[in-house]
Amino acid sequence: MDDHTSDTTLTRRELIARGAGALVTTGVAAAAGMLLHESGDAPQRKPDAAARLPDYFAAIDFPQSNPRISIAGGTEDRIGQMVRAAVNGLAPSQGMGAFVSSGDVVLIKPNAGFDRPVRLGATTHPEVVRGLLRMCREAGARRIIVTDNPIEDPQSCFARTGIGDVAREEGAEVVLPVRSGFREVMVRQRRPQRAAGEILEHWPMLFEPLAAATKVIGVAPVKDHSLCGASMNLKNWYGLLGGRRHQLHQAIHETISDLAMLISPTLVVADGTRVMMQNGPTGGRISDVQAGGRIGRPVVVAAVDPVACDAWCFENLLGRDPGTLAYLEYAQRKIEVAVSQGTHRFGRCDWREYERLGQIASSGV
Amino acid sequence: MPDTGHTRKGSAVGANLLRITTVRIIVQTLCFILFLSFVLLTSFANLDRHPGLRMWVSKFIEVDPLISLGTALTTHTVYQGLLWSLVILIPTLFFGRFFCSWICPAGSLNHFVGWAFNRRNRDERIASNRYRRAYQLKYLVLIALLAAAACGTLQVGLLDPISLLYRSFTGAVLPAASMPTGRFFDDPRFYQGALLIGSMLFAVVALNLVIPRFFCRVLCPLGALMGVLSRFAWWRIERDEAKCVDCGQCLIDCEGACDPHLRIRSSECLVCLNCIEQCPHGARRFGFLPDPRDSIRTPDVPRRRAILAVLGGILFFPFARTSGRTTRAFASTVIRPPGAVEELDFLERCTKCDQCIRACPTNTLQPAGLQAGLEGLWTPILDFRIGFCQRHCTACGQVCPTGAIQRLSVSQKLGLGEFRGDGPIRLGTAHVDPGRCLPISKDIPCTVCEEVCPTSPKAILPQRRRHIVRDGIKTVVSATARTVTILQPLEDGTADNASPVLSPNCWQGDGTTAYLADVHHLDGETETHRLAGNTTDTLRIDGSFARIPQAGSRVVVHIELTAPQVDADRCVGCGICETKCPIVGDRRGIYVTAEDETRSRRHRDPDRNRSVRPVRSAE
Numbered sequence: 000m001d002d003h004t005s006d007t008t009l010t011r012r013e014l015i016a017r018g019a020g021a022l023v024t025t026g027v028a029a030a031a032g033m034l035l036h037e038s039g040d041a042p043q044r045k046p047d048a049a050a051r052l053p054d055y056f057a058a059i060d061f062p063q064s065n066p067r068i069s070i071a072g073g074t075e076d077r078i079g080q081m082v083r084a085a086v087n088g089l090a091p092s093q094g095m096g097a098f099v100s101s102g103d104v105v106l107i108k109p110n111a112g113f114d115r116p117v118r119l120g121a122t123t124h125p126e127v128v129r130g131l132l133r134m135c136r137e138a139g140a141r142r143i144i145v146t147d148n149p150i151e152d153p154q155s156c157f158a159r160t161g162i163g164d165v166a167r168e169e170g171a172e173v174v175l176p177v178r179s180g181f182r183e184v185m186v187r188q189r190r191p192q193r194a195a196g197e198i199l200e201h202w203p204m205l206f207e208p209l210a211a212a213t214k215v216i217g218v219a220p221v222k223d224h225s226l227c228g229a230s231m232n233l234k235n236w237y238g239l240l241g242g243r244r245h246q247l248h249q250a251i252h253e254t255i256s257d258l259a260m261l262i263s264p265t266l267v268v269a270d271g272t273r274v275m276m277q278n279g280p281t282g283g284r285i286s287d288v289q290a291g292g293r294i295g296r297p298v299v300v301a302a303v304d305p306v307a308c309d310a311w312c313f314e315n316l317l318g319r320d321p322g323t324l325a326y327l328e329y330a331q332r333k334i335e336v337a338v339s340q341g342t343h344r345f346g347r348c349d350w351r352e353y354e355r356l357g358q359i360a361s362s363g364v
Numbered sequence: 000m001p002d003t004g005h006t007r008k009g010s011a012v013g014a015n016l017l018r019i020t021t022v023r024i025i026v027q028t029l030c031f032i033l034f035l036s037f038v039l040l041t042s043f044a045n046l047d048r049h050p051g052l053r054m055w056v057s058k059f060i061e062v063d064p065l066i067s068l069g070t071a072l073t074t075h076t077v078y079q080g081l082l083w084s085l086v087i088l089i090p091t092l093f094f095g096r097f098f099c100s101w102i103c104p105a106g107s108l109n110h111f112v113g114w115a116f117n118r119r120n121r122d123e124r125i126a127s128n129r130y131r132r133a134y135q136l137k138y139l140v141l142i143a144l145l146a147a148a149a150c151g152t153l154q155v156g157l158l159d160p161i162s163l164l165y166r167s168f169t170g171a172v173l174p175a176a177s178m179p180t181g182r183f184f185d186d187p188r189f190y191q192g193a194l195l196i197g198s199m200l201f202a203v204v205a206l207n208l209v210i211p212r213f214f215c216r217v218l219c220p221l222g223a224l225m226g227v228l229s230r231f232a233w234w235r236i237e238r239d240e241a242k243c244v245d246c247g248q249c250l251i252d253c254e255g256a257c258d259p260h261l262r263i264r265s266s267e268c269l270v271c272l273n274c275i276e277q278c279p280h281g282a283r284r285f286g287f288l289p290d291p292r293d294s295i296r297t298p299d300v301p302r303r304r305a306i307l308a309v310l311g312g313i314l315f316f317p318f319a320r321t322s323g324r325t326t327r328a329f330a331s332t333v334i335r336p337p338g339a340v341e342e343l344d345f346l347e348r349c350t351k352c353d354q355c356i357r358a359c360p361t362n363t364l365q366p367a368g369l370q371a372g373l374e375g376l377w378t379p380i381l382d383f384r385i386g387f388c389q390r391h392c393t394a395c396g397q398v399c400p401t402g403a404i405q406r407l408s409v410s411q412k413l414g415l416g417e418f419r420g421d422g423p424i425r426l427g428t429a430h431v432d433p434g435r436c437l438p439i440s441k442d443i444p445c446t447v448c449e450e451v452c453p454t455s456p457k458a459i460l461p462q463r464r465r466h467i468v469r470d471g472i473k474t475v476v477s478a479t480a481r482t483v484t485i486l487q488p489l490e491d492g493t494a495d496n497a498s499p500v501l502s503p504n505c506w507q508g509d510g511t512t513a514y515l516a517d518v519h520h521l522d523g524e525t526e527t528h529r530l531a532g533n534t535t536d537t538l539r540i541d542g543s544f545a546r547i548p549q550a551g552s553r554v555v556v557h558i559e560l561t562a563p564q565v566d567a568d569r570c571v572g573c574g575i576c577e578t579k580c581p582i583v584g585d586r587r588g589i590y591v592t593a594e595d596e597t598r599s600r601r602h603r604d605p606d607r608n609r610s611v612r613p614v615r616s617a618e
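In order, the protein sequence lines correspond to chains A and B. Per numbering that gives the first Met the number 0, the very first residue in the first sequence carries number 0; after that it's consecutive. Per numbering that gives the first Met the number 0, the very first residue in the second sequence carries number 0; after that it's consecutive.
Hints were generated in silico from the structure; no laboratory data involved. Ideal Cβ placement from N, Cα and C applies to all residues, glycine included. Warning: the hint list may mix true and false statements.
Said to hold, decoys possible - Derived list of chain B stretches under chain A, where covered just means 3 residues or more per stretch with a C-beta under 8 Å from a C-beta of chain A: (1) 153-164; (2) 441-447.
Stated by the list, open to error - Capping the alpha-carbon separation at 25 Å, the derived lysine to any residue pairs in SDA-like fashion look like this: (3) B:Lys-441 / A:Gln-249; (4) B:Lys-441 / A:Gln-192; (5) B:Lys-441 / A:Ala-194; (6) B:Lys-441 / A:Ala-195; (7) B:Lys-441 / A:Gly-26; (8) B:Lys-441 / A:Arg-244; (9) B:Lys-58 / B:Ala-71.
Just chain A, same shape as in the assembly (with noise of 0.2 Å):
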């Protein structure tokens, strides 16, 4: 351009260029103009449509007859075998087997959710987590994730609580909560009707290992709860949730029971190691922690189903009564509604019906 601008006359070639770029400008920007124009309201941001997550019992070929929940007591050093003792109470034959088939990817869900030492008894004990790995392995688990959302910092709750360090020795990978592993999931296709104890229609979850995985195990310890009642494996599956979650604690009862309906784990195990019995869910001394709570000797309960566990955790091991656990209420008649509508699992408040059935198995206690 410089050689003709110190022109005093314009050349037709460059009259002719300088007509092009024009033109050409111009049909871009009209162009463009077009193509993003908006002619209705601005449009507003859509919320990414809610995920589903799989049934995680489905799979599994479990008779009827099995026990439902399986205790094994213990002492601390033998945790190991107290776990694997617990889960062969379920399946006498074939153990882990029987949950966990060759290829699968097994989702363990402890509870991380504080910076505190093993001793506290705030934190699922790393041994079980470790007997469970195992058992996992053996059975020919492709991949063990293992992740929670905890109350701290996610790094420090797995460091300190060695749930971390354990997962790595065994071989599993641990999946800290990052912002992108997070997914609207669908609870329910409706509006949750407050009266009838409902609240959740789709709520943010750890969803990317949700997802990964083909079988999902939950492993709680059993905690007293300052607001709940009681934190064992239904309240585990809040260590899932995102968002602003503590807005649930203004209808906890009814957001663990929607959880207990929404999660169908293959298989949940209650950490009795170390009972909080008071302070909860925090405690903080060793004097609010009680080896085996009640039962007065570590135990390892697996089950089936989660809500007898709990409900059986809550009585024999916090030694209180589970009529007044209302989230266990909730969820046997959410569960109700869901078996009727074909899903197979298991959801009973009243855990001695199983003992009447002779379904629940015991060793060591």
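Add chain B to chain A, keeping to what the hints say.
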């Protein structure tokens, strides 16, 4: 990294490697990488896993003589690792400002940017590297900062290059780099004032295009300190007047603008050694004890300006303190990290390097804006809306290079074991805001604060509260053993003919909330029942009435739910209650203020006694 610009001498790679400037570039690069590694390593997870790292991550601050001198002036001590500054200070006395061109990561950054963005031709480069009067400003800055430090306020960190760079990486660069890449942090980090902190770094970098190494030449107080110290240097650049033809070539890459073509200004020379490489006649060398007449050894600072700078520094202190921001009119929102010393001591020690902020696992530590006064700019404060002080974490104190935050053990922080007598370190005290707390102000069950409260016993007490619900006083129309049908009474006590319309089961209650009905029989006796549910006009009770209420009796419906109450004796001010409070606004239903923080109670200055609780005989 910066090149000397020319490779006229020897094209062989071996010869290049032997050049002293090549060695310098390698050292600079390694030091910058080391600095960056320390920044990246100063995360809670790393410190927790490898406790030995704590010895190393603060090294760049610890070797910084300005930090040592500043804190020595304010506190009359040299804290722990700050003795390492002798490692830089002593060689400076012999070699001059070698730190600036060999070690300093900020200097290297400026050096690199100045080189990479250099579009000047030969004459312009020579002109840009001539000494200017403006370069005396850094000495005035240094004088003012040291005068303020002598009075008792440490402000050197505002412009100290190591503090500045560390702060910028923590508060702006890493979060910015994390935003598109998702690296460095699991979740996005938030730092208030990141725009200002980041812009300051950007300005420092960008000004290299106006004047090469603008920051180093014009502003850097550390460079100024070293400039003063280099007057004793035994080695410096020496000009061989017999060989020198005054071609000006030595100015082409001169980093310090120290007039190597005339009498060299040793206080400005950054010992980059480029002039030795550039001189086509071999007239420059780094000589041992050269003729003192060849150099200007003292900085070019007119005495009257120096006096004004001293005055400015001294006046800063009373001007800042007169606000009362650090004493009587302290901001109770300024909550310092666990182990922080008392506020006036804190302002003598904190260098605003923000390493503590980098180490904090929950993101609660923030570089302060003006909350703590202008004096406290970029010092660490806790923002409980972003995070909370994690109970078993003492990372901030572990990395503090100057003792502004003491190195605590976990048992010391929690007041366990041998520290039982001292009690836990308290950062402040939580207060319930009854106007916003859900159970208190809106009858919504909550008490998340109690759930997450980490002390044992909990510092938040669940209080059962009971009060009459809105339109809760009704008149009985009819009743059965388990139900009453009701009407809204009029003000004169007679029944309204219009039926009350309740939402079905609005008074049902659940595991955390109970609705109770007091039935006042006509003879004045009362009985109370929990409500099991309701229809539009009929209440159903749990159980059955002792006496079936007659028409005209009064029913009073109460709600009973749990509300939090803070036990000030137990509260440590960790702020997790405020973080986890489900109220999303910037005012939570429970909040922590600095009142009754441990660090102030140790110094019973009446102005700073922040106690909110009655003095107990035990203390």
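Here is what the structure says about each hint:
Counting residues of the segment 153-164 of chain B whose C-beta lies closer than 8 Å to any C-beta of chain A gives 0; at least three are required, and the coverage claim is violated. Coverage of the segment 441-447 of chain B by chain A holds in this model, with 5 residues showing a Cβ closer than 8 Å to a Cβ of that chain against a need of three. In summary, the hint linking B:Lys-441 to A:Gln-249 is supported, as the alpha carbons are separated by about 11 Å, within the 25 Å threshold. The hinted pair formed by B:Lys-441 and A:Gln-192 meets the criterion: a straight-line CA distance of about 20 Å does not exceed 25 Å.
Under the criterion of a C-alpha separation no larger than 25 Å, the hint pairing B:Lys-441 with A:Ala-194 is consistent with the structure, at around 18 Å. Annotation: proposed proximity of B:Lys-441 to A:Ala-195 holds, straight-line Cα distance about 22 Å (limit 25 Å). Restraint check for B:Lys-441 and A:Gly-26: not satisfied, since their Cα atoms lie roughly 59 Å apart, outside the 25 Å limit. For a cut-off of 25 Å, the pair hint linking B:Lys-441 to A:Arg-244 stands: about 19 Å separates their Cα positions.
Pair hint B:Lys-58 plus B:Ala-71 holds up; C-alpha atoms about 18 Å apart against a cutoff of 25 Å.
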